[in-house]
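Chains as they are written, first to last, in the numbering used here: chain A, 1 to 395; chain B, 396 to 462.
Simulated from the structure, these hints should not be mistaken for laboratory data.
This one's a predicted model, so the numbers in the text were calculated from it and none came from an experiment.
A portion of the hints provided could be inaccurate.
[Claimed, not checked] Just some of the chain B residues that point at chain A, by a computed CB distance under 10 Å: (1) Lys413; (2) Leu415; (3) Gly419; (4) Cys424; (5) Tyr434; (6) Pro453.
[Claimed, not checked] Far from chain B, by Cβ distances over 10 Å, these chain A residues were calculated: (7) Leu161; (8) Phe248; (9) Leu327; (10) Thr380.
Backbone N, C-alpha and C fix where the C-beta goes; we use that ideal spot for every residue, glycine too.
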Amino acid sequence: MFIEPEYDVIVVGAGPSGTSTAITAARLGLNVLVLEKQQQVGMFKRCAEGFAWGLIESLELKLPRKCWTQEIDGSYIYAPNMKEFLIDMGKTSGYVLERRVFDKWLAEEAVKAGARLIADVNVYDVIKDKGFIKGVKANFLGEDYEVKSKVVVAADGVESLVGRKAGFPLINNPVLMDSGFQYEMAGIELKDPHKLEFYLGTKVAPRGYLWVFPKGENKANVGIGIIGNSPETAKKYLDDFITKHDRFSRGSVLEVNAGAIPVGGLMKNMVMNGLILVGDAAHQVYPIHGGGIGEAITAGNMAGKVIWHCIEKGDWSEERLGDYNKLWWDKRGNALAKSEKVRETIEKMSDEQLNMLAASITKDDLMKIVDGNVAILTKTLLKFGAKNLQKKIFG
Amino acid sequence: MPFFKVGDLVKLIVDKNKCLSCGGCVSVCPKQALELKKYPEWDKDKCISCEVCVKFCPVGALKLKRD
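Work the whole structure out from these sequences, hints included.
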């Protein structure tokens, strides 16, 4: 009833990357079908819901009030010795979203643009023919469908079933993946309900960090991301932290979330004949902080445009769809690769070195480092190294 | 045809009380031996018992039982 036998584009996954692709492709006049595995769009979140100001603008949309819970104007960063480092932006610089509402809103925008979207559809395979991906095999409420398309969009998350079924060489190195776990908590005390909290250190969160993202005066996503091959679980590290801090230990749990965060392994090629990967499926995540919503929207918008262009020209081979690789690497990939270098440098630092860094880095330098400036990081580290050496010799 | 398969000697146990169906194990498996249905499903013919999934699981829901 709801599913036609053929579309220009089938998008698998109704997260931000999928619906952004659908919005752009449908606005350009393509016939688009979006299939969502979960019973409801926007379930279940695998992230802390942080979203930077302005990121929705590439889609020429305004973020409605209902989509976010809290405005954010800065961060508290804690070194391993718990020394506090405040970054005060002085004005709203981002939001903590309500993903259930945000994702559904983007889905509605895709429908407004002319796409068709159906939830609770289990895509279990792709249709392959003469070296091209030509559609998907899916089950909707017990009924099997084979739906044909010119281009399939794998927007189905980090474990991308579509990518794997298509035979795409996916990266699955656990060192490039953070293991994430989170409680959405209420009845807790926050440092400041408009500031994010980040806790660093090999004992708190090996390689990654622990976060507190406010969703109200006494409510927050309290979560953690740690290196994927850690012998202890992410849950254990988070529980240890919560137990040790009275601000959290008496709180309530409104939701439990888990997931893999692809903090590395950027792909030079994200397309095949008739297939394009977007969002977490293509590891489009900012390697330092693991944020992916903005990246997903930017990439989805690019993918939509390239798909339209290819279909207009009548050629959606890997070579033509490859324009998406060029576009993305030019606008985002190179910046993300730099940020990955910074992350690799930071993750080699001991707790003592992190403490030293936190003790004397300026806010401006820290912002530049988060922006992917590895030179500033190296310079700062060398300065500390030299000072330390002087102390050892002359102190 | 190998003399025996690793999967014949081990068994992946999914603790469904702990599992949050996040798919993390599926995304790190180097042999595509896991697929996320309602819970992860294990393909003993593909498994090489590397335990990457066991270590990765954010909540410790996976165990590789060796006979």
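Here is what the structure says about each hint:
no., hint, result
1, Lys413, "9 Å, holds"
2, Leu415, "4 Å, holds"
3, Gly419, "4 Å, holds"
4, Cys424, "6 Å, holds"
5, Tyr434, "13 Å, violated"
6, Pro453, "4 Å, holds"
7, Leu161, "7 Å, violated"
8, Phe248, "18 Å, holds"
9, Leu327, "25 Å, holds"
10, Thr380, "32 Å, holds"
Hint compliance for this structure: hints 5, 7 are not met, and every other hint is.
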